[in-house]
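Enquirer: Make a model of the complete structure from these sequences and hints.
2 protein chains.
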Amino acid sequence: MALNDAGNTKAPAQIDVARYRVKPGARVRLDEWETDTTGDFDGGKKEGKDLLSNLTKQLAKYQEVFYAQGKHRLLIVLQAMDTGGKDGTISHVFKKVNPQGVKVANFKTPTPQELAHDYLWRIHPHVPGNGEMMIFNRSHYEDVLIVRVHGLVPKAVWERRYEQINAFEKMLADEGTTIVKFCLYISKDEQKERLQARLDDPTKHWKFDVNDLAERKRWDAYMDAYEEMLGRTSTSYAPWFIVPGDRKWYRNLVVAQTLVQTLEGLDLHYPEPEQPLDGIVVE
Amino acid sequence: MALNDAGNTKAPAQIDVARYRVKPGARVRLDEWETDTTGDFDGGKKEGKDLLSNLTKQLAKYQEVFYAQGKHRLLIVLQAMDTGGKDGTISHVFKKVNPQGVKVANFKTPTPQELAHDYLWRIHPHVPGNGEMMIFNRSHYEDVLIVRVHGLVPKAVWERRYEQINAFEKMLADEGTTIVKFCLYISKDEQKERLQARLDDPTKHWKFDVNDLAERKRWDAYMDAYEEMLGRTSTSYAPWFIVPGDRKWYRNLVVAQTLVQTLEGLDLHYPEPEQPLDGIVVE
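Sequences listed follow chains A and B, in order.
If you're matching positions, the first sequence starts at 713 in this note's numbering and goes up one per residue.
If you're matching positions, the second sequence starts at 713 in this note's numbering and goes up one per residue.
Check before you lean on any hint, since a few could be wrong.
If several chains are the same, the list does not tell them apart, and a pair holds so long as it fits within one copy or across any two.
To be verified - Restricting the straight-line Cα-Cα distance to at most 20 Å, the calculated cross-link-like pairs of lysine to aspartate or glutamate (EDC-like) are: (1) K815 with E844; (2) K783 with E826; (3) K882 with E871; (4) K867 with D886.
These aren't lab readings, by the way, just hints derived from the structure by calculation.
Expert: Here's what the structure looks like:
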């Protein structure tokens, strides 16, 4: 670990995140993945929140070195069904990180100008540069999810995109970007409860969109699209993690632990000054 | 040909451009390619200029339909050694095209911000959208030319880029972009004359750059880099043409004829009005 000079010691991982990683080429069947598990974590919500507090502190420290070093690039992709917890994950996992150090790109319904170009055209400008951490809240994966489910392009077109996306991410990785992708996975029942909660609470009405109900009717078609996406685009250089999403505190733990381990895998260290600073006096 | 409604008739090609197209996977040896040929064109400079005038008119007509139709995307890549004629080609071949209909992106020395990202990051935002023609004056190919010749990145890095570029262009092509790439090929002697001409003529001094002399010393290394680039990135979906460049009038003819034929291969036609216009009276 090159992080000693950042004053950190690497704590043993308390969440085994490897179990959530999708093996390249896997045939994913989402009904075999649990949405409400807490893995082998031997604590409850209270202990989970304490651990998250530690992990988010660690993440904040690492981010500072990451930024100062200005060498690595980190791309974090978040995908989920509606109410799946993308916004909540961002706010909880990154709450201690300097907001200047991490950016979020939201990819909503494409504009006419975006639709007049290839689907990666609006994505590419937002990939991280040296020392940058970028979170994609939705992403180019919408182009094999909603686009596929709604038949917005012919099958022959979206079918090619798995390979195109792999090539795109491979190029980014070869050129120096670390990529981690999270699929926040909730059950259909959990979505029902969350949508109902938005209806019941006037302070959450702004989050409710009637279109979500129409999308919910296509649940099975979405699961098919997710399964194919996860199996075909989880790679050694850009792995997918299927994060159990029903318990928000555990979901946050899995994402935070995965990111901490990812950063620990990089040679993070503060850069050497370009010239020795010994003896320099500020007068 | 769907161009009848544009009032055009397709003239028989007078320049056989297929001979300049690099076959995918070819082992290119540039010393087997002539720089001063005029192919089987049975005319001189005078006849060549007359023909160019016809071709550029045709190009202008096609461009108008292309724009009105708003369906196709055309990407034209120009690469050449210094003094190779990129600027001259653009001004002569496109001189009759509505400047609103064709855009030029110049890729010069990358900025620090561009260098902090993958090399396609500064390229992708400039690819054409529906109804757009885009000319790349230099391009991502600099990243396997000057970058290779000067060793700006390790061999392992530029070596991967041929495949990455093919994947990038394949994605663009799959998503609806027509790509044509021209390598304007001049002899080393011709470059000497052109550089000297810039020195001799005060109105051309602004085009002279002393760095061009240093680059000229690396001529052989550049030829090696060009040969590998041409052989490895000329594909069915994004072919390279090696254009004989010593005679400017013939070079322009080859580029213009290739573009005219490329556009004739598309189903260009004015779009149908969204509702019948018969009987509409402007009062």
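Enquirer: Against this structure, judge whether each hint is valid.
Expert: Hint check results:
1. K815 with E844: For K815 and E844, the Cα distance is within 20 Å only inside one copy (8 Å; across copies 32 Å).
2. K783 with E826: between (30 Å within a copy, 14 Å between copies)
3. K882 with E871: Intra 18 Å, inter 14 Å, cutoff 20 Å: intra and inter.
4. K867 with D886: Intra 29 Å, inter 13 Å, cutoff 20 Å: inter-copy only.
Hint compliance for this structure: no hint is broken.
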